[in-house]
Amino acid sequence: MINIQSLSFSYRKNKPLFENLQLTLEAGHIYGLLGKNGAGKSTLLKQIAGLLFPDGGTCEVMGYTSAKRQPAFLRELFLVPEEFYLPKVSVKKYVNLYAPFYPNFDEAAFSRYLKEFEIPREQQLTEMSYGQKKKVLISFALATNTKVLIMDEPTNGLDIPSKSQFRKVIAAAVTEDKCIVISTHQVRDLDNLIDSIVIIDGHKIIFREDVQTVTDKLSFKTVSRMEETAGVLFADSNLRGHTIITKNTGNEQSKIDMELLFNAVLTNQQPIQEIFN
Amino acid sequence: MQANNVFNLRRMQLYLQKHLADQLRFYLMGTLAILGLAAAFGTLMPLMHTEIHQTSNIVPLYYIGLFAGGLLFTSRSFNELAHKEKGIDFLLLPASQFEKFLTTFLISTVGFFVFYHISCYLALNIFEKVQVSLIGRHIQRDYQFLSAPDEKVYFYHVYFILQSIFLFGATCFHKYSFIKTLLSTLLFLLGLYVINCLIITVLFGLQTEFWKRSVPFFMVAKLDGGPISWHTTVYVIPRWLSDTYLFIVRFIIAPVFWTLAYFRLKDQEI
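Protein chains in written order, with the working numbering: chain A, 1 to 277; chain B, 1001 to 1270.
What the hints contain is simulated information worked out from the structure, not anything from laboratory work.
Note that the structure is predicted; figures quoted are calculated from it, not measured.
Do not take every clue at face value.
[What the hints assert, rightly or not] Subject to a maximum C-alpha distance of 30 Å in a straight line, what follows is the list of computed DSS-like cross-link-like pairs (lysine-lysine):
(1) A/K36 to A/K93
(2) A/K68 to B/K1129
(3) A/K93 to B/K1086
(4) A/K168 to B/K1086
(5) A/K168 to A/K147
(6) A/K92 to B/K1084
(7) A/K163 to A/K93
(8) A/K13 to A/K68
(9) B/K1180 to A/K36
Construct all of the structure, not just a fragment, from the sequences and the given hints.
So this is what it looks like as structure tokens:
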């Protein structure tokens, strides 16, 4: 569905952000795009949406060259940017203005999502807080039923109940023909939501695995004494002890700790990659 | 069915609705300002004992309004691109770049032109009515607008050329577009003038200051003789070349800049 081949891109000469980046994302998944600040998460999402053009290589989405921004492509892709714009109209008017551009827009689903987020439909968008506006945009994005849904830091500005509401509506919205890509640096917000992890660092994708494969091959646990555990790939100490990642040798199923995995991949990349190759 | 990715009337209509909803406040304020100015001009001037005998008396004001208003309005086109959030909304809305361009083009070019003339007509009629009621004098309609082959028509050609340049400028400069386009245009014209001086120097030498007595790319008045008596020889470009210039002014420059503006819009990144 999203096919990026040999992508190179830089904002400034001699300072490449991406070099020969390869990435293929399939329908039916919720991808979590993780990376440090400045790693290029938002830039990669913009490349997918066609807001930035590659310096080299190709970026194709559903067979369309994203940079061409053709209407047939745009009506099947929705981007929820970190900083977004909503016109000074009511929610109802917003739907009247924007929904006709999306042939699969589901009005009933939109109402359901708004209800889930506790947003009154008659309210003016200008009278809403940032978080409320974001919830309107997320609801609208989901209701468009586009094949590709991209979200850049969607949980920024959402309060704690809204974050769990967000996870609930996203999980309900994914279907076999949809590809959802969520970029975030707040990995805990995506717990139990994403089914594939993409980590971007040092100009390229350094890790791309589905959650099931990760938990098949790695074990996440908390131990009180590090010395008692052999083959620790990464450890993080906290008040409860040490949260560690080891190779999953006994086929035991553990719950993925994405923050730990992210730090492990960044600091101890080679041994982890060897396990997956 | 394969979607038409260039132009679809229904889609453009939807985009126009969306655009108008977005810009409603600005357009309403602009409309009220122009109509207000027109009405104020038409009412206050006769009350201040300013008489107008013919329409040609107020023509300079009309042209100043047309050029200043039209170019300022045009330079505000695509101002969505000055803001990242609005720019994303603009570029990712599922309408073609052509439909987005055409909407803005129609509003800034045709829309403003028509609206400005309605306002001027209104102002003139208000003025006349007030003047008739005060001193019983009608305004003589002695100025035929848009009349060819009268040279007046070239005011409109120049207007549309400048309008197209400012529309192109709006796609190049997202902030302070008017000032930046104006400065760029002046710099470009200065460059042309320098080229003209160089060409004249190459053709006529450096004996006299031809550049002071030339119409760039059209005519040179060469002073001969001296030191006691001088005579002037005028060199004018051939007719076919001046006709070509006129053709370019009338039919080429504005469409070229409109086309450039369209392709520049397609190349926008955020």
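(message) Does A/K147 sit within 30 Å of A/K168, going by the straight-line distance between their CA atoms?
(response) holds (19 Å)
(request) For the pair supplied as a hint, A/K36 and A/K93, confirm whether the alpha-carbon distance does not exceed 30 Å. (result) With a Cα-Cα distance of about 38 Å, the restraint between A/K36 and A/K93 is violated, given a limit of 30 Å.
(message) For A/K92 and B/K1084, compute the direct alpha-carbon distance and say whether it is at most 30 Å.
(response) holds (25 Å)
(message) Does B/K1086 sit within 30 Å of A/K168, going by the straight-line distance between their CA atoms?
(response) holds (29 Å)
(message) Tell me if the straight-line CA distance from A/K93 to B/K1086 falls inside 30 Å.
(response) holds (18 Å)
(request) Sort out whether A/K93 lies within 30 Å of A/K163, counting only the CA atoms. (result) holds (26 Å)
(message) Given the hinted pair A/K68 and B/K1129, is their Cα-Cα distance within 30 Å?
(response) violated (56 Å)
(message) Would the hint linking A/K13 and A/K68 be met if the CA-CA limit is 30 Å?
(response) This hinted pair holds, its Cα atoms lying about 24 Å apart.
(request) Assess, step by step, whether the Cα of B/K1180 is no farther than 30 Å from the Cα of A/K36, and give holds or violated. (result) This hinted pair is violated, its Cα atoms lying about 38 Å apart.
In this structure, the earlier hints numbered 1, 2 and 9 are contradicted, and the remaining ones agree with it.
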